[in-house]
Amino acid sequence: MTSASTMERVAAIVRRDIMVERSYHFQLALQVIGIGFSAGTFFFIGKLVGEPDALSDYEGGYFPFALIGSIVMTTSVLGLSTFSQKISDEQRAGTLEVLLSTPTRLGTILLGSFLVPLAFLLVELALYLVFALIVFGSALPWTSIVMALPVLLLLTIVVFSALGIFSATIIVLAKRGDPLAGLVAQSSNFLAGALFPVSLLPGWLQFFSHLVPAFYGLRAIRDLILANAGWGDVLGDVLALVAFAAVLLPSSMWAFSRAVRIARVTGTLGNY
Amino acid sequence: MTEVDRVPVVLNVEDVVKVYEPPPWWLRPLIRTAAREPVEAVGGVSFQVRSGEIVGLVGPNGAGKTTLIRIIATLLEPSGGRVTIRGTDIAANPARARHSIGLVLSDDRGLYWRLTGLQNLEFFGVMAGLPPATARARAAELLETVGLRGRDKLVFGYSAGMRTRLNVARALLAQPELLLLDEPSRGLDPVASRQLADILRTQAQSGRAILLSSHRLDEIAEVCDTVVALIGGDMRFAGAPDELSGAAGGVARALATLLTEEGNDMEPR
Chain A
1 MTSASTMERV AAIVRRDIMV ERSYHFQLAL QVIGIGFSAG TFFFIGKLVG
51 EPDALSDYEG GYFPFALIGS IVMTTSVLGL STFSQKISDE QRAGTLEVLL
101 STPTRLGTIL LGSFLVPLAF LLVELALYLV FALIVFGSAL PWTSIVMALP
151 VLLLLTIVVF SALGIFSATI IVLAKRGDPL AGLVAQSSNF LAGALFPVSL
201 LPGWLQFFSH LVPAFYGLRA IRDLILANAG WGDVLGDVLA LVAFAAVLLP
251 SSMWAFSRAV RIARVTGTLG NY
Chain B
1 MTEVDRVPVV LNVEDVVKVY EPPPWWLRPL IRTAAREPVE AVGGVSFQVR
51 SGEIVGLVGP NGAGKTTLIR IIATLLEPSG GRVTIRGTDI AANPARARHS
101 IGLVLSDDRG LYWRLTGLQN LEFFGVMAGL PPATARARAA ELLETVGLRG
151 RDKLVFGYSA GMRTRLNVAR ALLAQPELLL LDEPSRGLDP VASRQLADIL
201 RTQAQSGRAI LLSSHRLDEI AEVCDTVVAL IGGDMRFAGA PDELSGAAGG
251 VARALATLLT EEGNDMEPR
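Going down the list, the sequences are from chains A and B. Counting with our numbering, you get residues 1 to 272 for the letters of the first sequence. Counting with our numbering, you get residues 1 to 269 for the letters of the second sequence.
In case anyone wonders, no lab produced these hints; they're calculated from the structure. Even for Gly, the Cβ is constructed at its ideal location relative to N, Cα and C. Hints may contain errors.
Stated by the list, open to error - Here are some of the chain B residues that sit facing chain A, going by a computed Cβ distance under 10 Å:
| id | residue |
| --- | --- |
| 1 | Asp-107 |
| 2 | Arg-170 |
| 3 | Leu-188 |
| 4 | Pro-190 |
What the hints assert, rightly or not - These stretches of chain B come out as covered by chain A in the derived footprint (C-beta under 8 Å, 3 or more residues):
| id | segment |
| --- | --- |
| 5 | 71-78 |
| 6 | 119-128 |
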């Protein structure tokens with residue numbers, strides 16, 4: 001008998017997640033409302049602060065600066081939290097052990113589980129951009145946005161997914177209370193300058209900003225969209241993100257497979 | 001060679017040992033386990049399950065039944081010994097072994113409660129390796145087999161008995177050669193237990209090897225061809241229920257006597 005292909009298995013997971021999401025009727029509506037409030041808050045803070053000197057390198061004042069910060073951080077958090085959230089959900093439902101007793105590989109299960117949250121993220125990003133379009137019309141460099149955002153957000157999401165796999169590693173072992181995801185999300189938000197320019201931080205803290213992957217993603221996107229920079233100008237930032245991905249992705253996968261092995265030995269795979 | 005010897009062995013458990021070790025010191029802040037000292041859960045258990053045979057695994061709480069089933073299902077690594085399924089060593093090739101296994105765990109979770117029974121079966125069918133169209137057809141067929149056709153709804157609306165039957169259907173999706181059931185009748189009323197026993201007998205008649213762990217001594221006595229009794233991780237009896245039936249009160253009473261010799265609380269129902 002022929003066996004289901006990896007793509008068919010991934011598609012089945014996507015179908016499952018869509019059906020589960022559809023059973024929660026208000027989820028998407030609440031998400032849309034949340035984005036409206038969030039973007040509205042940035043807009044009015046932008047009106048309050050005008051065009052501050054600290055943002056003189058960027059066009060458009062505070063609103064587009066903060067909007068890009070919010071978009072990058074939303075993307076980062078998705079990469080960071082999805083895997084650990086999915087593992088935790090499967091443990092609680094008692095389905096993790098059932099799935100691991102099937103011939104479907106854990107990597108396929110994790111990949112499939114990532115796609116519906118990713119689709120939600122794309123909807124969210126589109127709504128942010130619609131909001132920006134309503135406010136700014138053609139004043140924003142839409143060509144730069146269309147060229148810069150997909151590539152740099154993809155790189156950002158790969159890097160943060162690797163950190164998310166580290167987070168899932170902790171969940172496999174500790175079940176709850178993963179300190180990594182929260183710490184990375186909060187420190188990235190602060191040190192990468194999601195809502196304010198890093199140049200406002202004291203010099204010694206700016207050093208730590210350079211250790212945070214989101215810093216490079218944010219700087220490159222803002223430079224391309226709001227500072228008329230070209231790809232050559234942001235090449236260093238792009239290479240930094242690639243280097244983060246090259247180191248973090250294989251090491252996180254190794255750590256995760258070790259954690260699953262330990263859970264198989266200690267008998268704690270399905271505990272929650 | 002006897003007639004029984006000619007029936008192919010599906011599951012071979014050879015001297016399996018499982019000792020739960022406390023995690024290494026550097027992992028203790030992360031992993032919370034019950035074991036502070038090494039605990040031997042299974043101590044050198046050996047038995048076989050042949051095609052078409054139902055083997056009952058019986059023993060008091062903590063006897064090692066669930067540990068043994070999880071080892072065979074590739075969810076838990078043994079500390080020693082060897083398990084083969086149709087000759088495949090599960091330690092050497094767990095992915096291949098999983099093609100031959102259908103698993104029902106001891107609680108009525110293991111299902112997505114926000115999906116219907118049919119949607120659950122279709123999903124798990126593909127995860128078990130069936131192409132989507134085959135999984136759909138098989139899901140509908142099995143819903144009928146376990147008596148849930150026409151009663152399909154979101155799983156959170158199912159009774160415990162319905163969820164158990166759905167779990168059994170899930171385990172049968174890929175027509176596994178070996179069906180592992182860990183206390184499937186826990187929490188079932190007598191009618192549901194009877195229906196489950198009928199399903200298991202039908203599956204065995206179709207050539208499936210079945211390993212059934214249960215606290216229900218009457219169920220074990222009635223359904224199983226062979227009984228393996230575990231106490232404190234050690235195997236105390238392995239043989240046909242008939243070998244016990246000389247005792248007054250029948251097989252269930254004889255099993256209870258065997259198991260209560262060690263001061264545990266097993267009782268026939």
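Structure-based check of all given hints:
With a cut of 10 Å, the hint placing Asp-107/B at the interface with chain A holds, because the nearest CB-to-CB distance is about 6 Å. Against a cut-off of 10 Å between C-beta atoms, the interface hint on Arg-170/B holds, since the closest Cβ of chain A lies about 7 Å away. A hinted interface residue such as Leu-188/B counts as satisfied when its beta carbon comes closer than 10 Å to some beta carbon of chain A; here the least separation is about 17 Å, so the hint is violated. The criterion of a C-beta within 10 Å of any C-beta in chain A is not met by Pro-190/B, whose closest approach is roughly 25 Å, and the hint is violated.
Here's how the segment 71-78 of chain B fares: 5 of its residues keep a CB closer than 8 Å to some CB of chain A, so the rule of at least three is met and the hint holds. Evaluation of the coverage hint for the segment 119-128 of chain B: fulfilled, as 7 residues show C-beta separations to chain A shorter than 8 Å, against a requirement of three.
In this structure, the earlier hints numbered 3, 4 are contradicted, and the remaining ones agree with it.
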